[in-house]
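Undergrad: Quick mapping for you: the protein sequence lines, in order, are chains A and B. At position 242 of the first sequence (counting the first as 1) the number is 242 in full-length UniProt numbering, and the numbers step up by one without a gap. At position 71 of the second sequence (counting the first as 1) the number is 71 in full-length UniProt numbering, and the numbers step up by one without a gap.
No lab work stands behind these hints: they were computed from the structure. There's no promise every hint is true.
[To be verified] DSBU-like, lysine-lysine: derived pairs with alpha carbons at most 30 Å apart:
{"no.": "1", "chain 1": "A", "residue 1": "58", "chain 2": "A", "residue 2": "40"}
{"no.": "2", "chain 1": "A", "residue 1": "76", "chain 2": "B", "residue 2": "279"}
{"no.": "3", "chain 1": "B", "residue 1": "73", "chain 2": "A", "residue 2": "73"}
{"no.": "4", "chain 1": "B", "residue 1": "73", "chain 2": "A", "residue 2": "123"}
{"no.": "5", "chain 1": "B", "residue 1": "76", "chain 2": "A", "residue 2": "123"}
{"no.": "6", "chain 1": "A", "residue 1": "76", "chain 2": "B", "residue 2": "146"}
{"no.": "7", "chain 1": "A", "residue 1": "192", "chain 2": "A", "residue 2": "146"}
[Said to hold, decoys possible] One-sided and incomplete, this derived list gives chain A residues near chain B with beta-carbon spacing under 8 Å:
{"no.": "8", "residue": "53"}
{"no.": "9", "residue": "69"}
{"no.": "10", "residue": "141"}
{"no.": "11", "residue": "145"}
{"no.": "12", "residue": "148"}
{"no.": "13", "residue": "151"}
{"no.": "14", "residue": "160"}
{"no.": "15", "residue": "161"}
{"no.": "16", "residue": "267"}
Computed from a predicted structure; not experimentally measured. Yeah, the Cβ is synthetic: ideal placement off N, Cα and C, and Gly gets one too.
The lines below spell out each chain.
Protein chains: 2
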Amino acid sequence: MKTYIGVDLGGTNVRVARVDADGNVLEVLKDATEAQKGPKQILDKIEHMIRSLQDHEKCEGIGLGIPGPIDTKAGKIIVSNNLPDLVGYPIADHFKEIFHKPVFMDNDVNVAGLGEAIQGAGKGVEFVYYLTVSTGVGGAPVFQGKVIAGAHGHAGEVGNLILDPNRTARNGLNPGAVENEMSGPALMRKAKEVLGVEIAHAGELFDLAKNGNEQAALLCDRFVEDFSQLLSSIALTCNPDLFVLGGGVMQSSDAFLKQVEARFQEKVFPGMRGTRFVKAALAEPGLVGAAMLPMAQLR
Amino acid sequence: MKTYIGVDLGGTNVRVARVDADGNVLEVLKDATEAQKGPKQILDKIEHMIRSLQDHEKCEGIGLGIPGPIDTKAGKIIVSNNLPDLVGYPIADHFKEIFHKPVFMDNDVNVAGLGEAIQGAGKGVEFVYYLTVSTGVGGAPVFQGKVIAGAHGHAGEVGNLILDPNRTARNGLNPGAVENEMSGPALMRKAKEVLGVEIAHAGELFDLAKNGNEQAALLCDRFVEDFSQLLSSIALTCNPDLFVLGGGVMQSSDAFLKQVEARFQEKVFPGMRGTRFVKAALAEPGLVGAAMLPMAQLR
């Protein structure tokens, strides 16, 4: 079976894996990114890690997933808080020259969406819309096994989509932007504002509601309404077959997913009620998705 | 040059045209639909019209554009107010058997979007999002020369997208749905509610604002804000290169399009500010687009 190399380059850690065409992770290596040591150190480290993988020379290609906006055509980082020294550097070309293999790059959300669409919860489905609800909220449309990056690589950046223009603008985003209403930190902020309690993560808000706290229940109801509105806006815009939902907030999905689905059905046309919703399934969407970048592009 | 047959089947009129691969309309025939005479009469009439076209037997294929939800794979109408007797009838197969040519069907908005994307204002652009603001509001994403119909053929049905969940629900749509806030009839309704005047079409509202009516100016400003919010929601979801804007309300675009663009830029990420907006360009998007259905599918 064909194999591919996936690189998950984060601000803290870098992981490199060999993955087969069925999405099985055959081998993983992990190291600290040490971004402060400069771009050459990071690239040399990744090169060394790839060379340490068994049979690396037999792999079909290399895929890199990196946080933030990526110029997927040029194979460069556009903006990065964690890896500022790598911005604009021709990373894909660098590894192409070293390994004489096709190299592709995309941002971490698109890569996770690709992994879920090809090998995870969306396997075999024509049009998957991946959505992660975590510290941020972002997504990726994956059509026929390829990420639709859009004209400027911003397809799926629904964290800035306006849910209600009358709400407060925060964090440089639009008034009532999805990320300021639905993300983990947003739910923690609302718990503090409305309930006056500091919670450690969004899951505690759903627990409070379950245990009878009425104000928490109202906040959770608002979350369900916001989430279903976001999904309906995406569905009315491009009508995917399936939403794959990932991210930390989805760990509490038992508390809200059925209600979100029911409210979604009320907000779309009857013909769209076959739209399906599933939780993300991969243990390592970032690594598997990165490895699937060359597979998606080469076939 | 290759030629194609386009059929624009409306509730009132049916038009049939021969169109070349550059989008030039070589010949057009028009007749009354006379839907009340039943499905056989309509299909016989279209057959007769196609046979009357010069060199019809040399055409590569036939495309039909029909209002309302279409099952594009089965080649059938799903729902229709104007052509109820044709619902569920295998229209595409019917003409395939008669003419021994490929036959494709899609709804009138998708067909117009395809025409504009391939031969009109979107020619040569990879990812076009067509939007019509008229009696209704609807759209069509056209990627690499093909309409993305979506899982249930509802991609682009943004008339039901929620702009502001606090506004009133009307006409069976969501509260604050695009179509009830931005369509021609919506602007006429608002003019009556707020200004107390009956206007004949949306253009009169923009004229009143231009001539110093402050309440009309406020309504126009709300329209600009709503329009830019809709465009930002679409852009953040799928990030097209270009919006092609058609429909009757766009006849007044001099009064609002520049402002809509400026407000759009405020609502998206800096990297997306290259998104372009143009008015629809084709005199006959429905006919040209219908003829382009076989061209798009056969290449």
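Undergrad: Of all the hints given earlier, name the ones this structure violates by number, lowest first.
TA: Hints 2, 3, 7, 8 and 11 not satisfied by this model.
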